[in-house]
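Residues per chain are reported as follows:
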Amino acid sequence: DAKTTQPPSMDCAEGRAANLPCNHSTISGNEYVYWYRQIHSQGPQYIIHGLKNNETNEMASLIITEDRKSSTLILPHATLRDTAVYYCIPANFGNEKLTFGTGTRLTIIP
Amino acid sequence: DVKVTQSSRYLVKRTGEKVFLECVQDMDHENMFWYRQDPGLGLRLIYFSYDVKMKEKGDIPEGYSVSREKKERFSLILESASTNQTSMYLCASSYGSTSYEQYFGPGTRLTVT
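These protein sequence lines are chains G and Y, in that order. All residue numbers for the first sequence refer to this note's numbering, where the first residue is 17 and numbers rise by one. All residue numbers for the second sequence refer to this note's numbering, where the first residue is 73 and numbers rise by one.
Derived from the structure by calculation, the hints contain no laboratory data. Among the clues, some could well be false.
Here are the simulated distance ranges between beta carbons [stated by the list, open to error]:
#1 G:30 with Y:100: 37 to 45 Å
#2 G:29 with Y:137: 42 to 50 Å
#3 G:68 with Y:144: 30 to 38 Å
One side only, chain Y facing chain G, incomplete, derived with CB under 10 Å [as the list claims (entries may be wrong)]:
#4 76
#5 117
#6 130
#7 133
Here a beta-carbon is modelled for each residue, glycine too, at the ideal position from N, C-alpha and C.
Between the sequences and the hints, there should be enough to build the whole structure, so can you do that?
Here it is in C-alpha cells:
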C-alpha cells in the first residue's frame, strides 16, 4: 500500500475554502485515493474518492495531480461542522482493507 | 440510512476478563471490520470478515478473535483483557467487493483496569 504524508493540523476561516493536501508519491497505477473524515466522538465518514480525474460531489472536490503523486481535498465553503480529522487513503478499488494514517486535524475558525 | 450500531459506548473491564464487543449492521453488507484507534496511531485494522463464518486478520490481530455467525453481526472478543487493550474500538461495514465506502459505528471506548 502507498504511504501518505498529510500535515498534522490546519486552520481555516469559516466560509472560506479549506484545501487539504496529501502526498502519496508511491501510489500504484490501480490505486484510488479515498478521503474520509472523523468528527469528534464519531466514527469516520466517507467523503469522496478518485483515480486520476478530478471529482466533485455534494461534500467536496478532489483534485489529483497529473502524475498522481499528490491530491488536494477542497471544502468550498467551510463551516464549523467541518472541524474534523481528515484522512487520505490510497487503496485499490473494492479493496476492503483501508489503512488509515493519522490524518490532518482541520479546525474551522469562526 | 445505513446504520452500524455497537453494543456499548463505554465499557470498563478488569484485567483477565473475557470481553465481547458486538456490532450490528442493518444494510445486508457482506463485509464487516473491527478497528482500534489510539492517539498518534490512527485507526488500525484488527480483523475483517467478507462473509458469514469467514474472517481475515488485519494489521494487529494479536490478543483478539472474532465471530461472525450471522451476516448482520460481527463480534470482537478479547479472550483475556489486558491494560494495553484500553482503546477506542470502531466497527465498520461495506457492501461487497466493489464498495468504496465503509460505514462506521459510533465506537466503544474500552478501559481495562
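Cross-check of the supplied hints:
Range check, residue 30 of chain G to residue 100 of chain Y: about 39 Å between beta-carbon atoms, so the 37 to 45 Å window is met. Here the CB-CB span from residue 29 of chain G to residue 137 of chain Y is close to 48 Å, well matched to the stated 42 to 50 Å. A C-beta distance of roughly 36 Å is found between residue 68 of chain G and residue 144 of chain Y, which places it inside the suggested range of 30 to 38 Å. The restraint placing residue 76 of chain Y at the interface with chain G holds, with a minimum CB-CB distance near 7 Å, inside the 10 Å limit.
The interface hint given for residue 117 of chain Y is met, as the beta carbon of that residue sits about 6 Å from the closest beta carbon of chain G, less than 10 Å. With 10 Å as the threshold, the beta carbon of residue 130 of chain Y comes within range of chain G, its nearest partner Cβ sitting at about 7 Å, so the hint holds. With its C-beta approaching chain G no nearer than about 13 Å, residue 133 of chain Y sits outside the 10 Å limit, and its interface hint is violated.
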